[in-house]
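J.: This is what each chain is made of:
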Amino acid sequence: MSKLESREVALLAKASALQMTFASKASHIGSSLSMIDILSVLSTGVELATNGKLGNELIISKGHAAAGAYAVLAHSGYIPLDLLETYSMDGSSLGGHVTSTYVPVINLSTGSLGHGLPFSVGRALAKKRLGIEGQSFVILSDGECDEGSNWEAALLASHLELENLSVVIDRNFLQSLKSTEDTVRLEPLAEKWLAFNWDVVVVDGHSHVELHEAIFRKSNRPKLTIANTVKGHGVSFMENSVPWHYKSPNAEELASALNEIGYSS
Amino acid sequence: MRNAFIDELTLLAEEDDKIFLIIGDLGFGVIENFEKRFPNQFLNAGVAEQNMMGMAAGLASAGYKVFVYSIGNFPVFRCLEQIRNDICYEELNVSIVSIGAGLSYGTLGYSHHAIDDIGVMRALPGMTIYSPADPIETRRALRESVSIQSPKYFRLGKSGEPNIFNQTSTVFPNWTGLTNGNDLLVLTTGAITNEAIEAAALLQNLGIEISVVAIPVLKPLAFDKNLVGRFDNVIVLEEHSTSGGLGTILSEQFALNGVKANLVKLGLPDYVHHELGSQKHLRHHFKLDAVGIVDKVKQMLGN
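Chains A and B, in that order, give the protein sequences. Number 192 in my numbering belongs to position 192 of the first sequence; there are no gaps in the numbering. Heads up, my numbering is the position in the second sequence plus 1000, with the first residue counted as 1.
Among these hints, one or two may not hold up.
Stated by the list, open to error - Just a sample of chain B residues kept apart from chain A, beta carbon distances all over 12 angstroms, derived:
#, residue
1, A1062
2, N1085
3, S1159
4, P1220
5, K1287
Claimed, not checked - As a list, the in silico DSBU-like pairs of lysine-lysine whose alpha-carbon atoms are at most 35 angstroms apart:
#, chain 1, residue 1, chain 2, residue 2
6, A, K53, B, K1219
7, B, K1296, B, K1225
8, B, K1036, A, K128
9, A, K128, A, K3
Please keep in mind that the hints were generated in silico from the structure rather than gathered at the bench. By construction, the Cβ of each residue, glycine as well, lies at the ideal position given by its N, Cα and C atoms.
This is chain A alone, in the form it adopts within the complex (with noise of 0.2 angstroms):
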């Protein structure tokens, strides 16, 4: 299979967890949609390490986004795509939470908010104290960052000064029940890691031009970048929507959200 530009990838697996949770009646649809640009710009613009290799490696601390994130490793490569069909289903490897024990490009198994952080400081600690080169890639929820895991973490990574860290913050503004700013204000969320020391820049979330200039910058210090996304982007009905965090598409939803992201199979 040729490799696929980051758009092309993002479209044919938005339209695969649309698929994976219409097929499966299992969730986070809404949280794919938010995270699939970023991680169809991460997984396209470098070569991810695999079976814990060290170099550039990918970490998904926001687990819950399984469908999307299985997707994208699929249409870009790294897991066979035909897997996809088995997601949530009885006795698969692809479950409703990113694992690594089936997948080689993923490096923890995630589920439970706040492990993928500190576990990427470890990593990219290693690599610092071995000398290898390559960029730890993490990928949180903006809702994640409720836990303190997250903040012991920040404090750490900067005092390291793990240059070799590059966060991603899918900042879609929704959590499990309201938006973040009603549930435990986040904002100023940039000022917050700035005040830790971190680099931070902000970007619309579904531009892969400016995703892409943001993930793979350079710094002398960790690096965050906030993305502003959509939860649920791309479908109307979705959108912004905290039923969609739970809810899986019907035959005539799935048919009418492929129609709106411009999908045709």
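For chain A, the structure is supplied; the task is to place chain B on it using the hints.
T.: Same frame as chain A, now just chain B:
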């Protein structure tokens, strides 16, 4: 025991540049030499146990043999989910080292008493639990553990524990007999083993001969059915809650193996206690010292 541990770890680090020591801002007067000699294999993670344990998993996934050093409950309870999800789920080679098992930090209160850690740690899949009884066994446990690639928990005393074993007595994970007697069996683990040995000497003066046997590895447990089967009366002694610790582990084994002996659990009560004082005072208060053991033995034997 903490000095024995860190000395042995220093020796191991001389041979292996993948040994990595993380401390949770603890170890004053203990860890400095290691830090000085192996700065590239050392990190103080600060007072942030969740991040410390997640980071330990990350380092282990990168090929390091990681030792996380802290005291009392801190490397267990504050970061339990990191141990469960990041270390156990990923089956990583991280050794969690808790100094100050049981009531070592007696006067510091319940916040510092590591008396419910075994119950929690044994529930974690694939976790090996070492509970050495003296400095010699601590060194041997550490050296033995290096070949094990999976998660490990070391439950260690603090300082000043006497040497009980000779250099060759422990064969992990087998149980180690310390005194020989046919009247009653005391099964124990960790630094409190010394109280049982003292009790055995006191009882000998009264004409009662007991066997004291120390169990260095609580999980996986090498249950010695033949030994236990020789006794009608067995005491399990531990510096841990009677809920979830060695007494619980052995009760299960007694039931599963059809052992008919009378079993008494000597440990800390299953309620939050507010007694403050030295380890010696607290052991006496809860009747876990040599005198308390002697009384319990006499009671069980009808003397």
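J.: State for each hint whether it applies.
T.: Verification of the hints:
1. A1062: At about 3 angstroms from chain A, B:A1062 fails to clear the 12 angstroms cut-off, so the statement is violated.
2. N1085: Since the minimum Cβ distance to chain A is about 6 angstroms, B:N1085 lies within 12 angstroms and the statement is violated.
3. S1159: Answer for B:S1159: holds, closest chain A Cβ roughly 29 angstroms.
4. P1220: Given that every Cβ of chain A is farther than 12 angstroms from that of B:P1220, nearest at about 23 angstroms, it holds.
5. K1287: For B:K1287, whose nearest Cβ neighbour in chain A is about 40 angstroms away, the distance exceeds 12 angstroms, so it holds.
6. A:K53 x B:K1219: holds, 31 angstroms
7. B:K1296 x B:K1225: Holds, because 23 angstroms separates the two Cα atoms, which is no more than 35 angstroms.
8. B:K1036 x A:K128: holds, 19 angstroms
9. A:K128 x A:K3: holds, 30 angstroms
When held up to the earlier numbered hints, the structure conflicts with 1, 2 and fits the remainder.
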